[in-house]
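K.L.:
Starting from the structure of chain D, add chain U where the hints point.
There are 2 protein chains.
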Amino acid sequence: MANGHLPETDTAAQMASIVISVDAMGGDRGPAAVVAGLVLSVAAFPKIAFLLHGNESELGPMIAREPALAGRVTLCHAARVVTMHDKPAQVMRNGEGTSMWSTIESVKRGDATVAVSCGNTGALMAVSMIRLRRLPGIKRPAIASFWPSRNPTGFNVMLDMGADIKADTDDLVQYATMGASYARNGLKLARPRVGLLNVGTEEHKGGAELKEAHDRLVAFQHTGDFEYVGFVEGSDIPSDRVDVIVTDGFTGNIALKTGEGVAKLVADFLRQEFNASLWSKLAAIMALGTLKRLQKRIDPRRANGGVFLGLNGTVVKSHGSADATGVAAAIRLAYQLAESGFLERLAARVASAEQAGQDAAAKGAPAGAEGGTTE
Amino acid sequence: MANGHLPETDTAAQMASIVISVDAMGGDRGPAAVVAGLVLSVAAFPKIAFLLHGNESELGPMIAREPALAGRVTLCHAARVVTMHDKPAQVMRNGEGTSMWSTIESVKRGDATVAVSCGNTGALMAVSMIRLRRLPGIKRPAIASFWPSRNPTGFNVMLDMGADIKADTDDLVQYATMGASYARNGLKLARPRVGLLNVGTEEHKGGAELKEAHDRLVAFQHTGDFEYVGFVEGSDIPSDRVDVIVTDGFTGNIALKTGEGVAKLVADFLRQEFNASLWSKLAAIMALGTLKRLQKRIDPRRANGGVFLGLNGTVVKSHGSADATGVAAAIRLAYQLAESGFLERLAARVASAEQAGQDAAAKGAPAGAEGGTTE
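As given, the protein sequences belong to chains D and U, one line each in that order.
With my numbering, you'll find the first sequence wraps up at 1549, consecutive numbering, no jumps.
With my numbering, you'll find the second sequence wraps up at 1549, consecutive numbering, no jumps.
Wrong hints could be hidden among the right ones.
Note: identical chains are not told apart, hence a pair may lie in one copy or across any two.
[As the list claims (entries may be wrong)] List time: in silico DSSO-like cross-link candidates among lysine-lysine, alpha-carbon distance up to 30 Å: (1) K1385 - K1438; (2) K1282 - K1379; (3) K1261 - K1385; (4) K1438 - K1261; (5) K1313 - K1362; (6) K1340 - K1438.
Rather than coming from a laboratory, the hints here were simulated on the basis of the structure.
Bound-form chain D, shown alone (with noise of 0.2 Å):
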């Protein structure tokens, strides 16, 4: 559809082509830093197109002054934007209109498998709850992050980090069937290793829906195509002990900040040390592609891109201050879970689990109520 006017010799490579929904608007750099994202992944996906959502007036010119982007995008116009400030649920009664609804929107309709949007949290998931819908079953949806690690992939999967600030005991379940399918197609593991959050690994530790939880993941781990290794800690998140670490939304989110605020610091400590004297800033030229290689591995550009789960699509929510490249990686995740179909794979996981749950109910009622269940 984006390439509607291109010569028929294309219109084989048009078929295959995987369309990415993007709100062009609503980011902390504007739509520029947007568009330059999208130079960056055409160039590394030649099935990639756009529906590009946000003030035609503003991103046309954007677009023709881009030769790489000709025929790969087709701009949706959207008069109105959502600011950082608006509330979740102003935008979900008066949201219509504005990039974010229509990018959504785009999703729903089936015009375009996944959406990336660099706005408002809250209000992307507001937006995404009532316009995609949850999954059967799915009682609060999650977001995912890729977290580095010292892992062989270099990262972990974590959730969830802040769709909503608290979890119960099947919240914190199903968040482990969803992160591990995630883990499967976004890490390519076989049987992710899965860890709850807690503040010991001693079964004694922590709060009710946490022990809960544990005894629930250990009798669910065979059927969810995992390996459930029990409560971790804060140190273990960016470990090689575990691949899908599942926690609340709240505490999630202060570890995530207080990662990325750590990580921050030591650099610019070292930044500062290197600085220090003539002999040192010699030293920092000597080390100059050491240092390099180090901020390639903790750059928070590289893994951007949070993944909301348990929706009836898929939506990637980038980092609001990106910049081209955090965009454009947040672009590559999008196409990445649209060409495996992990949609369809995460929902039948979902299905699954529920169905176990419902067969374990129904083992402990009389025989005859098992008839109630499908598959």
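P.N.:
Okay, now just chain U, sitting in the frame of chain D:
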């Protein structure tokens, strides 16, 4: 008391000595690391003296081998040791006769001003609670730690780091009072800036107890003699926006361990990159001084020692894996708190906060009801 046999001329110094009660057992590295920490401490503080608790037949020869400790250490025999695996409830019931119990008992009897232990945190808090008891009006004591930051002092204070796994509105407000008092004494700040940890700085973020605590702190900051800066995020913990970060013990523990894990990850990545090639190894040699200064700035041993606040006595919890440098840092902290009369200052702040709360409540009641308050 530690120098009972010294000649007459030393009596004045002896009278002025500051006695610290130290648990020699229960740390991961055993009593040798603790004794090595004492040796570092006596060199730094001429007035310091120790009551050292543990197995006499093991400790006696160790002390005898260190001339610097002659006349500065009184051994207090305790046959049993609390291990890292003992549950707090068990230790509360059966802990008498352990070195940990004996260490706290010396503070209760007034023989020492501050206690230091590298042992099991949960057990140490449990023993401290039942032997020292809570300050009047305190429901949940807290553990406060220093955190490396961009502030001129190089540190922030954060609490609760895991004394309990939850905190209600009253607890959070008391943590603010106690944390501000600790920052005044430990960081020499006349009017500390206090922030409440949340998932965003906007007023509508977070759960009900956070919103209520926010409103209470806005009203209470002048009486409490601190500046309340509102909600802060995980990324603000190592910043210069705030001096005291208030949160519940579950979140505080996760944030602390996440920060430690991320700092270690970055340091390990840096080491790997400097070892990657001959050239980078040469650069590392040139940058040796710079890297050592960085290591010192982020060395967690420098800030070793969580302080239990809200009890009738001061207890410093050293990291379980502390070496001589770490133990000496915990003892330095204990010494400074003893010397400054911190416990009396903290108790006075808590009492005046209680009074202010009662006064505020009384204003809402009939005039005659005010007579019930003291002071």
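K.L.:
Next, verify each hint and record whether it holds.
P.N.:
Checked hints:
For the homomeric pair K1385 and K1438, the shortest alpha-carbon distance between copies (29 Å) is at most 30 Å, but the shortest distance inside one copy (34 Å) is not. When the C-alpha separation of K1282 and K1379 is checked against a cutoff of 30 Å, the pair qualifies only between copies, where the shortest distance is 29 Å, while the shortest distance within a copy is 42 Å. Taking identical chains as interchangeable, the C-alpha atoms of K1261 and K1385 lie at most 30 Å apart only when they sit on different chains, with a minimum of 16 Å there against 34 Å within one chain. Taking the shortest alpha-carbon separations for K1438 and K1261, only the intra-copy value of 29 Å comes in at or below 30 Å, while the best inter-copy value is 37 Å.
In this assembly of identical chains, K1313 and K1362 lie within 30 Å of each other by CA distance solely inside one copy; the values are 27 Å within and 49 Å between copies. Within a single copy, K1340 and K1438 get their C-alpha atoms as close as 28 Å, and across copies as close as 29 Å, so both meet the 30 Å cut-off.
In this structure, none of the earlier numbered hints is contradicted; all agree with it.
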